[in-house]
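2 protein chains.
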Amino acid sequence: MNARAPTSLSEIKIDLATIRAAHARIRPHIHRTPVLSSPALDDTVDARLFFKCENLQRVAAFKARGACNAVLSLSAAEAGQGVVTHSSGNHGAALAWAARSRGIRAWIVMPSNAAQVKQDAVNGFGGTIRFCEPTVAAREAACAAVESETGATLVHPYNDWRVIAGQGTAALELLEDEPELDVIIAPVGGGGLLSGTAIAAKGLRPSIKVYGAEPAGADDAYRSLHEGRIIPQTDPHTIADGLRSSLGDKTFAVLRSTVDQVEIASEEAIVRAMRLLWEKLKMIVEPSSAVPLAMLLERKISVNKLRVGIILSGGNVDLGHLPWQT
Amino acid sequence: MNARAPTSLSEIKIDLATIRAAHARIRPHIHRTPVLSSPALDDTVDARLFFKCENLQRVAAFKARGACNAVLSLSAAEAGQGVVTHSSGNHGAALAWAARSRGIRAWIVMPSNAAQVKQDAVNGFGGTIRFCEPTVAAREAACAAVESETGATLVHPYNDWRVIAGQGTAALELLEDEPELDVIIAPVGGGGLLSGTAIAAKGLRPSIKVYGAEPAGADDAYRSLHEGRIIPQTDPHTIADGLRSSLGDKTFAVLRSTVDQVEIASEEAIVRAMRLLWEKLKMIVEPSSAVPLAMLLERKISVNKLRVGIILSGGNVDLGHLPWQT
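As given, the protein sequences belong to chains A and B, one line each in that order.
Per numbering that gives the first Met the number 0, the very first residue in the first sequence carries number 0; after that it's consecutive.
Per numbering that gives the first Met the number 0, the very first residue in the second sequence carries number 0; after that it's consecutive.
Be careful, since some hints might not be right.
Note: identical chains are not told apart, hence a pair may lie in one copy or across any two.
[Said to hold, decoys possible] With a Cα cut of at most 25 Å, we get these calculated SDA-like pairs of lysine to any residue:
| hint | residue 1 | residue 2 |
| --- | --- | --- |
| 1 | Lys279 | Leu321 |
| 2 | Lys12 | Trp323 |
| 3 | Lys304 | Ser265 |
| 4 | Lys12 | Glu297 |
| 5 | Lys279 | Gly125 |
| 6 | Lys208 | Glu179 |
| 7 | Lys208 | Val116 |
| 8 | Lys12 | Arg204 |
| 9 | Lys279 | Asp119 |
| 10 | Lys304 | Pro110 |
| 11 | Lys279 | Arg99 |
| 12 | Lys279 | Glu139 |
| 13 | Lys12 | Thr152 |
| 14 | Lys304 | Thr257 |
| 15 | Lys304 | Arg99 |
| 16 | Lys279 | Thr43 |
| 17 | Lys304 | Thr43 |
| 18 | Lys279 | Gln118 |
| 19 | Lys279 | Val34 |
| 20 | Lys279 | Val116 |
| 21 | Lys279 | Arg31 |
| 22 | Lys208 | Ile300 |
| 23 | Lys299 | Ile229 |
| 24 | Lys304 | Ser100 |
| 25 | Lys304 | Gly123 |
| 26 | Lys12 | Ser37 |
| 27 | Lys279 | Thr127 |
Hints were generated in silico from the structure; no laboratory data involved.
Remember, predicted model here, so these are calculated numbers, not experimental data.
I would like the entire structure built from these sequences, with the hints used as guidance.
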């Protein structure tokens, strides 16, 4: 998966400088999240692990970075008409939060069966929810309707250069704190975090290896890279609810050109890794955050004695239903 | 509880300078733990809260500080004969860890019914467990036997100036990071953390208010201060398993002279506060850590609009049995 050939799908329009500019833009609004380590976890995988705690980020997810960069990148005229997105997860809350920070409106399109806690998060940040049927077509139609009614700007959850640049700022900070990393791993769903991570990390440190970690039950990025074309995720089955999306043309282009490898982890390993992170790091992380460690537990890549950065993507989880309890 | 009259029980032998010296001694061995905030939690109590995350400390508890200071304060001759303590909780693991850091032996006296996870922690750090019957007399006899057999130095879990000075370094760091605090709150069991916190905080910032937070089901410090004499805790009933001990003469002396007030929190509020910390701060904390926030939820002291530091004492909890699950 180290194909360097130019892809015909999408030209990569951002680089390290773009991500640095995004960081300067969003820094007053986001948290500088800590980087934590655990000797017990290091022993488990025979490597030194450095966890970037985006579960401690605003809205408890890295998504705050990309949404904030997109909102702050709008012209005053654009901002005046608000933003719109579709999301049943952290991006919806993040966009509502970012819009409120700038004092503009946000419409969030959600399936009518979205979890109450996700609805509450959007409402809590003053976002306006528009419900739709739980299909891709209905979701896109609902977004388009808001755009034409209101003039709001669409901020896609991941297939958007402003969003990707914002997500890359987590790796920027991680490498500022730990410049000597040999490897960096991010989970991959739609690919926004992994794309931003790869561009930032390879820009700062060309020798670094960048890996994506994906649930076996939603392995579209893994398959897409192997086949050289985007294979949409049709029927995801994974507890990692943040990673059920398909790649977009922009994220696929970055993954092909800049990411060294995407590997998959089993559901059993994801739950085991999540519990290890809770026990050893004392961090509440959501299942998606545990996929990189799960991949290491299953020895999908070799990190023996290396210094490995891992982005813990978020901490939104239902404390009443933990996956290791029956 | 602001009695300034000298107590006949014990002379206070440490001050801010002692705590600064302890910090210089232990700093290479402990973590500089982060201080976190949550706007959602601030709104809940109408104050600005700054949480010192000792759940992220070595052995996942502030106890690492005091144990480390005690071990590093020993002469070479003393150290050569090792250390001994009685503890069924975090102090035992902390002393085993600290002894291993200096390459010396540690004997930990535990009741024969101690939880397996606590035994595993001590064994994991290379400590030697001595079992005893679960009574105060048996525990003290077992410690005395180890002392006379081996020449090991007793490091009491809290009624020891070296331990108290070490525990005070958490408040020292918190006030370095947030110098403008109006209030600082620590949980109180045997009183080691609260004593060190009070001496450090009042030394650095005489105007600060120092409060202790105690479970209603183990309220010996509250009653002892009201009656002006140590009333031992005979039958504690609280989920906050780190706070079931009685005060010692040293900690009672510090609490009487230096702490503004000790207040109690109900079990219901402790569980509610613990869940709030998990949900909003994304931190795994043990029930003892939640008692200060529980006290604020129950409006036992007035902190309206103030800047309040809270020491989250530890993160050792059984993830298979959470108190909000039936």
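Structure versus earlier hints - violations, ascending order: 2, 4, 7, 10, 12 and 26
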